[in-house]
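So the sequence lines, in the order shown, correspond to chains Z and R.
Per the numbering used here, the very first residue in the first sequence carries number 1; after that it's consecutive.
Per the numbering used here, the very first residue in the second sequence carries number 44; after that it's consecutive.
A few of these clues could be false.
[Unchecked claim] With beta-carbon atoms standing in for the labels, derived distance ranges:
no. : chain 1 : residue 1 : chain 2 : residue 2 : range
1   : R       : E261      : Z       : L19       : 34 to 42 Å
2   : Z       : V21       : R       : F247      : 39 to 47 Å
3   : Z       : A16       : R       : T182      : 38 to 46 Å
[Unchecked claim] Here are the simulated DSS-like pairs of lysine-lysine, each with C-alpha atoms no more than 30 Å apart in a straight line:
no. : chain 1 : residue 1 : chain 2 : residue 2
4   : Z       : K41       : R       : K49
5   : R       : K49       : Z       : K35
6   : R       : K144      : R       : K49
These are computed hints drawn from the structure, not numbers from a lab.
All values derive from a computational prediction rather than experimental measurement.
For every residue, glycine included, the Cβ atom is placed at its ideal position computed from N, Cα and C.
What follows is the residue order along each chain.
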Amino acid sequence: MNAMNDVGGANGWILAVNLIVWTGIFLYLLHLNRKLRDMEKDR
Amino acid sequence: MESLTKTILPWLLWLWLVGVILGAFLYAPPAVGFRGSSRILFFHVPMAWVSFVAFLAAGVESLRYLYGGRAPRHDRSAAAAVELGLAFGVLATVTGALWAKVMWGAYWNWDPRQTSILVALLFYAAYLALRAALEDRETRARLSAAYAVLGLVVAPFLYFVMPRMAEFTLHPEPVINRTGKVDMDGKMVLVLMSSLAGFTALYFWLHNLQCRIAELAERRASLEGDRP
């Protein structure tokens, strides 16, 4: 658990980067999924 | 069975990736000499790895297109792989630049590894530019496949050979170091390998979705083209 002690320091920016990257990937997946569903419905 | 893989596998993958994130921050110790900033390794390396896998997959799919009956699905698969490879390559470059700012004091240092990934990204951006410039579907597929096959030589050289040819680099030793060994704490290796597996699975999932969308879009375009 000692790893979380420096959240405000060296780990802070890595947490922020992760938050941005994973949110981006998740939203992109949702977008692809919705697009695919709409296109299959159109067909 | 298909619906099972469609519903359960994505959730298992998300669970796996959540486990990787927790493992990176709570389980793996920081690397000696790098403090907490070494944790970027668990995301930066898999992103670079996935971009390499994607570029390699694009080359293989292009070979299958050229020598396997010119099936359009191989062309679509190669294009989707390059798009994803570029996306993950940019993410690897950005996370690397952020780490460079923390450790080396500047975002960009023209380090051999930074330079080689930049050249690789430009090479594959040119692939997309080539595709965008050609209107005829078959010409586009044939020329871009030939270009991506060239990438089967270019990508391994830029990712693995060129950075090792440099006499001096600021970049830490690669996971498999110059002596061919993995000189890393066991817990770090476990989290890194789990992350590599998770990111690779995520790539295949995204690639599958993109290929299905491209196929439907192509079908729709050809139907609209057939209408009087």
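Where does the structure disagree with the numbered hints, that is, which hint numbers, in rising order?
2 and 6
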